[in-house]
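Q: Order-wise, the sequence lines are chains A and B.
Residue 82 is where the first sequence starts when you use the numbering used here, and the numbers rise one by one after that.
Residue 59 is where the second sequence starts when you use the numbering used here, and the numbers rise one by one after that.
In case anyone wonders, no lab produced these hints; they're calculated from the structure.
Backbone N, C-alpha and C fix where the C-beta goes; we use that ideal spot for every residue, glycine too.
Accuracy of the hints is not assured; some may be wrong.
What the hints assert, rightly or not - The calculated label-pair distances, taken between Cβ atoms and stated as ranges, are: (1) A:Gln463 / B:Tyr138: 56 to 62 Å; (2) B:Tyr138 / A:Glu574: 27 to 33 Å; (3) A:Lys476 / B:Gln119: 58 to 64 Å; (4) A:Arg667 / B:Gly175: 22 to 28 Å; (5) A:Glu660 / B:Gly114: 18 to 24 Å; (6) B:Asp153 / A:Met577: 28 to 34 Å; (7) B:Asp143 / A:Gln734: 53 to 59 Å; (8) B:Asp143 / A:Gln565: 42 to 48 Å; (9) B:Gln119 / A:Asn528: 56 to 62 Å; (10) A:Arg621 / B:Asp143: 50 to 56 Å; (11) B:Gln119 / A:Glu660: 23 to 29 Å.
Said to hold, decoys possible - Short, incomplete list of chain B residues facing chain A, as computed with Cβ under 8 Å: (12) Tyr138; (13) Ala139; (14) Phe155.
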Amino acid sequence: MKSDSLQLIEVFTTSPDLKKTLADICKVHSLSSLDEILKTPFNEFYFLLIAGPEIAPLKLHQWLTQNEERLQKKLKTVYVYDFISKSDLLLLSEKSSILKILNRESIQSTWPEVWREVFTRFTSQVEMQDIMGRVRRQNKTLNELNENLEKIVEQRTSHLEHSRRETESKNKEIRDLIKFIKSLSNVQGFEDLVLILKHEFLKYHKAEAPLMIYSLTPQSFRCISFQGPQIIERSLDFEKVQKTLNDPQRLREMLADTLARPMGPLLLLSVGQQEHQGFLIFEHSMDSLEQKHFLQVLERRSESLRVAFDRLALKWKAHQISRQWSSTFDSLMEPIAILDKDYNVVRANKSFSSTPAKVCYRSFADREKVCIGCPVADAFVQHKPQTGKVSCNGKLFEVHAYPISVEADEKNQHMIVHYADITQATKLQGQIIQSEKMAALGLLAGNIAHELNNPLTGIRSLAQILIAESQAAQQVTVSATTAQQQTTNDLKEIEMAAQRSELIIKNLLDFSSLHETQKEKIPFRAIVEKTLPFLKTMMRYHNCHIELTEDNDSVEVEPQLIQQVIFNLVNNACQAMGETGNLTLRSWTDQSSVYFAVRDDGPGIPLHIREAIFTPFFTTKEEGQGTGLGLSLSRSIVEKCGGKLELNEEVAQGSEFVIRLAKVET
Amino acid sequence: MKVLIVDDEALIRVSLARVFKSQGDEVLTAEDGLEGEKQWRAMQPDLVILDVLMPGLSGPQLIEKVRAQTPAKVVLISAYAADYDVESIKNLGADLFITKPFENIFTVVEQIRAVMGQR
């Protein structure tokens with residue numbers, strides 16, 4: 082097993098056998114001193130030094146120490162000794178790997194085996210060293226790779242750190258933006274918007290608190306600005322603003338003018354649109370780079386600002402429209418309400434009711450049940466407008482119910498209910514009916530009167546003849562009997578009754594429209610006196626006091642008509658008193674008027690019907706006893722003559738009606 | 059003189075007849091126009107007192123039928139005073155127009171007698 086990589090250095094070898102054996106295995110250099118080893122090119126080889134007992138261990142150690150670097154541990158030693166101490170041995174092994182320690186005898190006697198053993202150890206050590214060398218080299222490569230890896234990791238880490246920082250700052254920006262948008266979403270008014278904006282840009286020291294110019298209604302601009310912490314809102318001249326919006330310099334001048342202070346350079350952001358214009362204006366002292374940055378930040382917020390402005394503008398308009406609607410609704414004179422299916426008042430105008438209650442019939446009519454004639458239920462069923470008549474609180478209403486859908490839901494229908502007060506119209510209609518009735522009655526009365534005149538003329542004529550004959554008979558027979566006289570008197574009564582009837586018929590004819598009567602100047606006294614005969618019968622059971630003024634009491638009227646009024650009033654008074662009572666007819670005058678009062682001491686007129694007594698067809702009399710026209714007709718007659726007919730409210734007992742007419746000079 | 063009273067109202071007939079009779083005149087009465095025409099033609103009265111509105115024939119219609127054949131004075135009585143005046147009465151062939159109601163029957167008779175030239 083001879084190897085080229087093995088060279089044997091033999092120093093002080095004495096045995097020729099050994100030399101021979103060694104030469105069989107490898108190249109052997111025989112050297113005479115240790116220093117000679119250094120002269121051999123042993124860099125490429127491993128050496129086995131066989132040191133004889135001539136070289137003291139201490140000396141060997143010294144030499145090894147001195148030449149440690151040059152030997153590079155490539156020198157393996159087989160030390161042959163005669164005697165070596167333990168301490169020397171330790172010393173030597175520090176500096177060189179001692180393969181085997183031999184004594185002289187063992188070299189000589191057991192040489193081949195010993196050598197083989199030494200050689201095997203040597204070889205394995207060399208191999209080991211070789212492996213170690215490779216391991217070292219690989220370690221080195223590994224180290225280099227490691228170092229590279231570390232560098233890459235470091236680079237990557239720093240890169241990551243950078244991008245983390247970048248992300249963080251971006252995140253912050255986004256967080257800020259979200260916060261800004263969130264705060265905008267809570268904005269309730271334009272002032273809030275400006276306030277939030279001021280806050281948002283507070284860190285930009287070179288930008289002033291923002292200004293806002295906006296236009297929600299045609300031909301008007303408003304401006305919101307800060308004066309210190311205070312917000313000031315004012316209106317601007319529309320024309321002026323419109324002209325300056327496209328010209329920063331003029332806008333600056335206009336604002337300086339408006340706010341009455343000098344104005345720096347401006348940055349302007351439009352946040353409005355066609356129907357509602359809006360501009361945010363920042364006064365600033367930034368350089369162009371700062372401006373660029375500022376504008377970037379502003380630009381990122383512009384979309385949400387636009388949305389917020391748009392929302393506020395729409396909200397304002399909606400509010401405006403709603404206000405317009407409710408003020409229109411409220412200003413309507415006639416009651417209007419919006420009801421749900423259960424008659425609950427969803428909304429009502431001011432005329433509807435002053436007492437708020439849940440359901441309409443309670444608040445409007447003060448009832449516990451739905452009003453009779455209410456068209457609402459019907460309109461809900463039919464889904465069509467319906468009309469009905471409802472009377473409440475002495476008034477008559479025509480009620481129009483219009484179904485509407487307030488929400489998109491078809492089922493959730495509501496009803497607009499409109500109450501038209503037709504009390505007056507109904508009254509007028511009543512008067513029209515009445516006057517038509519009167520015209521028909523007049524025509525009828527005329528015919529009846531003529532028909533009655535025939536028999537009345539006969540009765541009266543015959544009575545006159547019989548009276549004449551009776552009187553003639555009494556003159557002949559000087560001693561007229563009481564019976565005869567009584568007959569004559571009775572005949573006179575018949576004649577007078579017929580005459581009264583004729584007069585009544587004449588009055589009836591006068592009263593009916595067929596006979597136009599003329600106004601004349603006549604003392605009121607005379608009219609009363611002319612009327613008294615008709616009243617005699619109806620006043621027969623009552624105590625009648627008549628006090629007529631002696632002053633000038635002339636009036637200009639149609640006497641027959643006033644007679645009719647007096648007749649009516651006395652008739653009413655007598656009927657009110659029943660069987661007995663005191664009736665007073667009284668006239669008096671003042672500077673300008675003539676008064677005539679008819680007073681009775683009957684039960685009087687109950688308070689609750691006082692309003693109604695002058696209404697046509699209102700009557701307290703039993704059916705067939707009165708038409709309900711007397712007082713209304715009487716009042717219209719007196720009013721036609723330019724006077725007044727009123728109930729004296731101050732009378733405690735009974736009732737008193739007073740006619741007042743203008744006095745005229747005769 | 060002979061007086062014919064034509065009126066559908068009984069009491070008027072009775073009253074007028076009673077006054078004329080009491081003053082010595084011959085009186086005949088009729089209840090309607092047709093009856094009146096017969097009487098008028100039959101008895102040839104000196105005076106005819108006629109109601110305007112009557113069943114059968116009205117006063118003016120009766121005058122128109124009989125007038126030419128008789129010399130009698132004719133007095134018309136009506137409640138519708140406004141319908142007639144002196145001119146229209148003459149045209150109808152009547153001599154006097156009296157409106158109902160009468161104030162006094164004796165005054166009426168006196169008026170009639172005046173037309174007859176008796177007073």
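Q: Evaluate each hint against the coordinates.
A: Evaluation of the provided hints:
Look at Gln463 of chain A against Tyr138 of chain B: about 59 Å separates their beta carbons, and that is inside 56 to 62 Å. Checked against the hint of 27 to 33 Å, the pair Tyr138 of chain B and Glu574 of chain A passes, with Cβ atoms roughly 29 Å apart. At roughly 60 Å, the beta carbons of Lys476 of chain A and Gln119 of chain B sit within the given window of 58 to 64 Å. Checked against the hint of 22 to 28 Å, the pair Arg667 of chain A and Gly175 of chain B fails, with Cβ atoms roughly 55 Å apart.
Separated by about 50 Å at the C-beta atoms, Glu660 of chain A and Gly114 of chain B break the suggested range of 18 to 24 Å. Between Asp153 of chain B and Met577 of chain A, the C-beta spacing of about 32 Å keeps the proposed range 28 to 34 Å intact. Checked against the given bound of 53 to 59 Å, the beta carbons of Asp143 of chain B and Gln734 of chain A, roughly 56 Å apart, stay inside it. For the pair Asp143 of chain B and Gln565 of chain A, the supplied restraint of 42 to 48 Å holds, since their beta-carbon distance comes to about 45 Å.
Our hint of 56 to 62 Å for Gln119 of chain B and Asn528 of chain A is violated, since their Cβ atoms are close to 21 Å apart. Hint check: Arg621 of chain A to Asp143 of chain B, Cβ distance near 42 Å, so the stated range 50 to 56 Å is violated. For Gln119 of chain B paired with Glu660 of chain A, a C-beta distance near 54 Å fails the hint of 23 to 29 Å. Of the supplied interface hints, the one on Tyr138 of chain B holds, with its beta-carbon coming within about 7 Å of a beta-carbon of chain A, less than 8 Å.
Hint status for Ala139 of chain B: violated, given a least beta-carbon distance of 10 Å to chain A, over 8 Å. With 8 Å as the threshold, the beta carbon of Phe155 of chain B stays out of range of chain A, its nearest partner Cβ sitting at about 15 Å, so the hint is violated.
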